[in-house]
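Chains A and B, in that order, give the protein sequences. Counting from -6, one number per residue, gives the positions in the first sequence under my numbering. Counting from -6, one number per residue, gives the positions in the second sequence under my numbering.
Be careful, since some hints might not be right.
All copies of an identical chain are treated as equivalent in the list; a pair is satisfied when it fits inside any one copy or across any two copies.
[As the list claims (entries may be wrong)] For lysine to any residue, the following SDA-like pairs were computed, each having C-alpha atoms within a straight-line distance of at most 25 Å:
#1 153 x 92
#2 153 x 6
#3 107 x 65
#4 107 x 155
#5 153 x 120
#6 153 x 3
#7 131 x 64
#8 107 x 93
#9 153 x 115
#10 153 x 118
#11 153 x 132
#12 131 x 34
#13 153 x -6
#14 107 x 77
#15 107 x 3
In case anyone wonders, no lab produced these hints; they're calculated from the structure.
Below are the chains, spelled out letter by letter.
Number of protein chains: 2
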Amino acid sequence: MLTADLDGGTFRLRQATRSDLPAMVRLLADDALGAGREAAEDMAPYERGFDAIDADPAHLLIVGELVPHGDESGPVVATFQLSFLPGISRQGAWRSQLEGVRVAAALRGQGLGKLMVEWAIQESRRRGCGLMQLTTHKSRSAAHRFYRQLGFEASHIGMKLAL
Amino acid sequence: MLTADLDGGTFRLRQATRSDLPAMVRLLADDALGAGREAAEDMAPYERGFDAIDADPAHLLIVGELVPHGDESGPVVATFQLSFLPGISRQGAWRSQLEGVRVAAALRGQGLGKLMVEWAIQESRRRGCGLMQLTTHKSRSAAHRFYRQLGFEASHIGMKLAL
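Looking at chain A on its own, in the form it has when it is part of the complex:
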């Protein structure tokens, strides 16, 4: 899907498998907001979420592996979900939506997030989407800068209701 050379090896995007879930949940939990929302003691809810995503081609669950030079695979160090949603508004435009973008703390600042989002933009264009969207918590000011630099406009308020 995408590979990039780093000091420690090759960064490679691929579709997530069920066995990646523990590493993905660690990435989601290693975060100021995620720490209070995730619960890795019980993997069953995550497995159900994975199976629902895996069964539906409208949702891609991606991981980034850091593959040491000479090896065939390596630890999962990044993840995101990309969904493709049909709609009526904007002349029936399809929109893609990013959720749960995470890069391992030790590897931030090396451009891996940028590579991932640029791949997601290309994939959204390839699938004919007219719009790409995401929400980020108001407290994530570094994320706002990051997405603005990639061309996203902070035009909307993201509202959430816990059910």
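Using the hints, position chain B against chain A.
Just chain B now, kept in the frame of chain A:
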């Protein structure tokens, strides 16, 4: 799905059909932002959007009809889309997402939007969603108040990229 008595008749929610599309596009276009985004001269893109939604049970396209007393049907005066999205974050929570919520200008302020969103909240709970979400443009201050009164928290920034 939901009915409510109004002065002029009965307000009734039902799933949209392809023949509702012209009325739905008029509702989307009769809006400060939508006016510049919609193009009802060519219905083909809207029909493709409708067919994609109609083919996938993860997306509900709903219209509100105003049925005069004694009649069986009436004009479409409101619309919204409700989507159900699987995920890994928040312990594998499903989330529902509202898009394109519109009420005809002549009928605003009578609580129809509230009825629609309350129905959407109930349907999201019934389907086991842990979170409901939407974005509204920063300029829609009346919409922000409306959703806050329904319990939504304006916790996020909604970022968009035209592709």
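| message | Could you work out which of the previously given hints the structure breaks and list their numbers from low to high? | response | When the structure is compared with the hints, numbers 6, 7, 12 turn out to be violated.
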